[in-house]
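Generate the whole structure from the sequences, applying the supplied hints.
Chains A and B, in that order, are what the protein sequence lines are. If you count the first sequence from 1, position 207 lands on 207 in my numbering, and the numbers rise without skipping. If you count the second sequence from 1, position 210 lands on 210 in my numbering, and the numbers rise without skipping.
By construction, these hints were calculated from the structure, which means they are not laboratory data.
Pulled a few chain A residues facing chain B out of the computed Cβ check, cut under 7 Å:
{"no.": "1", "residue": "R7"}
{"no.": "2", "residue": "P8"}
{"no.": "3", "residue": "L109"}
{"no.": "4", "residue": "P178"}
{"no.": "5", "residue": "E192"}
{"no.": "6", "residue": "F198"}
{"no.": "7", "residue": "K206"}
Ideal Cβ positions, reconstructed from N, Cα and C, are used throughout, including at glycine.
Letter by letter, the chains look like this.
2 protein chains.
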Amino acid sequence: MEKQIPRPTLERFPKYYQVASSFLNKYNELYISSVYLSECLSMDDSQVRRDMMYLDIGGKPRVGYNAGELRNTLAHYLGYFNLNEALLVGTGHLGKAIAAYKGFEDYGLRIIGLFDVSEEEIGKKIGKVTVQPLSKMKSFVPKHNIRIGIITTPESSAQSVVDMMIAAGIKAVWNFAPLRLLVPEDIFVQDENLAESFSFISHFMKQFEKKKTNKVIIKKIQ
Amino acid sequence: MEKQIPRPTLERFPKYYQVASSFLNKYNELYISSVYLSECLSMDDSQVRRDMMYLDIGGKPRVGYNAGELRNTLAHYLGYFNLNEALLVGTGHLGKAIAAYKGFEDYGLRIIGLFDVSEEEIGKKIGKVTVQPLSKMKSFVPKHNIRIGIITTPESSAQSVVDMMIAAGIKAVWNFAPLRLLVPEDIFVQDENLAESFSFISHFMKQFEKKKTNKVIIKKIQ
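In structure tokens form, the structure reads like this:
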């Protein structure tokens, strides 16, 4: 039986998956060690081993994990082998960028429905999919048995869009609008906050500016 | 003196920041507890307390942290009080979406330069900024003392763009192109992998489908 995986562990799985994948592409070696994984991701190797305990995968002491098995097990846990069909509402710039992004299919995501309210957008083709009026979503979801909805609308319409999605049968929402959506407990929402990622850069810049200042001070003292 | 903060801790800081902010907006209370923080983020409260030890902020036993002080200290560590000017290369759909995104200034990011190679894009205005030919980047960086570059080009041109950025004086790169860039050691790269975030949804869907199957089996047995 699969154990309930804590969220922070789950958040690290895609990173382990990427390290294992590029390890398999780069090296002609069978085993990948927890130390190698930890160094690639600048984390504690004991944390890596704790995370691995959630996978049904046995490591060999002082050798490591079978890299191919590790990658496949992670892909299995992350659902990359399942194909997930989704729809997207809001075909502005961000919606178009996401609808046209080619990398998603490797991760099991295929966007098969596009919806917008703007007359200008309706009828446009993005890749192979034509933008439909939002009013068509209600019948589209059960017809294609879709469970995943992507929201790339402006903040002001995101809540009404998610309400419509849930009424139509959507169970998981990937939300790019910068607000916290109100949803029933059984609905899963993944918020995408781009500004949050920027934090790492602004933290780096703070350190960078400080180092520069320190150097100037040291120079002045000398 | 500030301690070196481990990356996973730093990754949690923006989340603590958001919880503390919404706590301050919602409640008329002075103190926020590590248990409250841990419950909002479904993590261990001992982990929260360990992370807090990297901040110069004292918690009161059995009461918690001063919520306002916590929020401000986190904002300080994350560099939200610094204004960071940046440039962006690649004004396709994703580039336009990011250039037009209004939420970044709250996090200290302002995009003041836009560059592309396409004749169609050059001269267009996104917000208040006009798209310039990429050849102008080299002089733009020192003139405006910019240290941050955002890459939203296709994968095929991202490496040559980052090389140009570094030659011009860029120190931190926010990379949206789906490849690992080769850069000198002193350059900071933040890779943005949208497909990685999708992992959480596909994991949820896997659990969801399994539950459904179990229910069907239970029904059949009854």
